[in-house]
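A.B. asks: Line by line, the protein sequences give chains A and B.
Under the numbering used here, residue 440 is the last one in the first sequence; the count climbs by one each step, no gaps.
Under the numbering used here, residue 490 is the last one in the second sequence; the count climbs by one each step, no gaps.
Some hints here could point you the wrong way.
[Stated by the list, open to error] If you want the ones that stay clear, here's a sample from chain B, every Cβ over 12 Å from chain A, calculated:
| # | residue |
| --- | --- |
| 1 | Q24 |
| 2 | Y32 |
| 3 | V70 |
| 4 | F143 |
| 5 | M180 |
| 6 | G184 |
| 7 | V227 |
| 8 | S234 |
| 9 | A283 |
| 10 | Q296 |
| 11 | E350 |
| 12 | L379 |
| 13 | N410 |
| 14 | T481 |
[What the hints assert, rightly or not] Cut-off 27 Å, straight-line C-alpha distance, at most; resulting in silico cross-link-like pairs (BS3-like, lysine-lysine):
| # | chain 1 | residue 1 | chain 2 | residue 2 |
| --- | --- | --- | --- | --- |
| 15 | A | K412 | A | K357 |
| 16 | B | K72 | A | K352 |
| 17 | B | K417 | B | K358 |
| 18 | A | K357 | A | K285 |
| 19 | B | K63 | A | K76 |
| 20 | A | K73 | B | K305 |
| 21 | B | K358 | B | K285 |
| 22 | A | K73 | B | K300 |
| 23 | A | K253 | B | K172 |
| 24 | A | K100 | B | K300 |
| 25 | A | K428 | A | K324 |
| 26 | B | K285 | A | K45 |
| 27 | A | K285 | B | K69 |
| 28 | A | K55 | B | K285 |
| 29 | A | K426 | A | K327 |
| 30 | A | K371 | B | K63 |
| 31 | B | K63 | A | K285 |
| 32 | A | K45 | B | K358 |
| 33 | B | K172 | B | K326 |
| 34 | B | K305 | B | K321 |
| 35 | B | K285 | B | K300 |
| 36 | B | K436 | A | K339 |
| 37 | B | K323 | A | K76 |
| 38 | A | K339 | A | K73 |
| 39 | B | K63 | A | K357 |
| 40 | A | K352 | B | K358 |
Source of the hints: derived by calculation from the structure; they are not laboratory data.
C-beta atoms are modelled at their ideal positions from N, C-alpha and C, and glycine is treated no differently.
For reference, the chains in residue letters:
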Amino acid sequence: MRSLGVFLYEWKHFVRSPFKIVAIILFMAASIYGLHNGADLYEKQTNEIQRINKEVATANNTTLTYFDTNEKGPKNRPWVDLTTPYWAIVSASGYQFKKPSPGIVYTIGQGEQYGFYKAIGISSSPYDADMAKEIANPERIESGTLDFSFVVLFLLPLLLLILLYNIKGQESEQGFLPLVFVQTGSKNWWILARTSFYVLVLLLILFGVVTYGAMLTNVFEVDNLFWNVFIWVSIYLLFWTVFYFFIIKYGKNTVSNTLQMIGVWLLVSFIVPAAIQQWISIEKPTNLMVDFIDAKRDRTDEIYNLSNEVIYQQLLDVYPNLKQTKIGKEAILFRKVKRYCIRALINLAMKNATAKIEEDNRSKNELISKTYWFNPFTYFHNRFNRLSKTHYDDYQAYRDDIQNRIDQRIKIMVFDIWNDLTIDKTKYIEYTTIFSNNE
Amino acid sequence: MLQIIKNEWRYLVRNHLFLCVNVGFISILILSVCLGNYQTQKQENTHKVAKDHVRQQWVSIDQMNPHSAAHYGTYIFKPTNLLSSLDEGVNSVTGNVIRVEGHVQNEITHSEASQMQSVSRFGKLKPSLLLQYIVPLLLVFLAFSSVSNEKQSGRLKLMILQGAKPLDIILSKTLAVWLYGVLLISFVVLVYGVINFQSLTTDVLVRAVLFFSSYSLYYFIISGLTVFFSARWQNTTLALTSMLGIWIVWTLFLPNILMTSAEKWHPLPSRSEFQSAMKEDRSKGLDGHNPRDQRALALKEKVLKEYGVDSLSQLPINFDGLKMQADEEYGNSVWDKHFGNNREVLGQQKQSVQIGGLINPFISLQNTSMGFMASDNLHQQEFLLQVENYRRVFIKTLNDKQTYGGSKTGNWGWKEGTDFFKSVADFEYKPTQVSEVISNYILDVIALIMWSIVVFLLLTFGIKKNQIV
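The task is simple: from the sequences and hints, build the whole structure.
C.D. replies: Okay, structure coming up:
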């Protein structure tokens, strides 16, 4: 009962501290501002995807008109023959999108470091130049956007500090700490009750702002997203509460407690993550993609210089079912279509090159993950990024999807060429449907 | 005044906690310089290996048609800059590799940040991180009680009775704390100079002096403002919390908000819109690979008339090369228009942020820090411009060879040997001299000086004698 009394009495302390109230108002304002920044990005990406989809539909409709008018392609490009699988597939526009998760309202994460749409062609690769991030001011990207996760990760511990900094210290300085202990019975319970009051206040505020964020995008459409965000924000709050509790418990006065709290905050939020990033950069320097460049140029040239027989055999190795096709049965016909199918082997070489890059990145990420136990900031940061699908792994999954799309396009092309198909309007529509199927 | 400053330092040195924190912090600071330097050198080695590898591929071209070689192209890797070991600026978020080829101006890709999960929101443990975020806090911690403690203990009254002027006391307290900050930045610059002694050039030295000066001004602002609050408020805790509040607003809130707002005030096009607009404009020009292109046909007529012949086969040159170069030059004008527009927007954004320095000196410090360390967006844009200029010379060399090298129009099988490819110059990055770009940072420097004057005036006229004693 005594603890409950202390807990309830803390309300009086709180309402008499304009500094604390102002801090809470500022925190809420920053949270709302951050949530709107996330919602703006969500809207911007969604609109951009819609705009590109319209462009794709227009381009594909233009191509369809050639079938209606019995033309083989645009007049100024007489070499294009849309009745062949190669040119029909090359002309069928298709994009792979990384649709923004409604959770982006809470965390922009690494969403601004990568592109979220990619034109897919038979010569594409997940590491093409058009996979670059959106055009943006690099100084802004470097300083980061003030999103909700920034508010939570950096400002929540500071707000908690402002709310807790004078607990015990003030009583100690005014000399009535022994009296407080006598009246309340237990030092720990007294500090805990007072701390709990502010934790509860913050939990209520966080619940409010997380709910507000949920109204800006379709957060509730994603299973458990709302509750996951709230739970992780709460865990982060508790993490800092434990730190601060012990500082208050063993601290002697307000100024010393404040300095220690700030010190811990700086260490956890700034120094340790920065030191880890520096170490990673030394241990694993930036990959300059030399393997990829080699595959793109020299390996491609090597493949082009292979004999017809070797290319034929290698294509059969990649797609054994090609044996059932027309050209699979009559190898002599291969000479005519060789140059249209060679992309399948180049794609394979590119995949081998990107596998090395991805392995390199994976080992870098593993190294970072191993530091989580003494680098909790990075752990929470990435945890939030995962919730909003803006983590590195989400973009890796997006690159995998792109590669699958390229593989699918090339495979269809090679099989249709080997089957010596003639493309008509219906088949072209089938192509565009398959290639635009971006769920 | 000097005596008060000496006393302040004596007091600090006698404080064991301060000494321990100081030794620890200076060690971290020196370590950050050394690690930053080591990382830059390691990246430089990686860069050199990649650059040599790509160049070797180019000079090893045995036989190739010059225009095919333009399609084969080359790659340029963003060179490392030793100065960035002090402040990395935008380097980790901008790309590192750019493909140089005919017909297309590619974007720079493969940034360091895109190759791993998020680690730190404020970048690596570079001296700039410590000097911008941590040192000001240390100065606040040293200064917040400097006057209020003296007031509470009654020592201040004693000093005034002994003849010390209140203004002298306030200024001395400020200078004592400020000198500590200056000492830390001196350590950084000195260690950097010693490690890189052999690479020091006039430009680097000038940049280091400017870097040092901007931090010194900022530290004066922080020290002065904290001493001002310490003298003004009766309560030590209030002085501390006021300064912490200012630190939070200046370093965490405003830079982010201002940058985001500047992007909204001066929006850049989306990449897709930008590419569509470029493609649209490009389509209005000449298509070097399309023999039926109307503009190509017009050029053909013009050239035939110029040489006084009736057909392309009679030309002493290869018209294909000429056509490709005309295509390039049209493409270059399209690039100049669109990228020029983007550069202009980026410039407007930068200016808006710089004006923000008038309400937040931290922004001016950040701008000058990365600007003087050649790692801001302005230097990035200069690098990209050098790459584009190189691309134009590179492609023109190849197209000229195609045109005037002795082949005939339509002879795509004609090839040049390795000697020619060896003669094509490699890209050499010319670091931007500070004298060329210093005018871009005048607003930041003015903001820092203005703030220093405001703080000095606050210290001089903003505190009444009765508030001190």
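A.B. asks: Honestly, which of those hints from before does the structure not fit?
C.D. replies: 3, 4, 9, 10, 19, 33, 40
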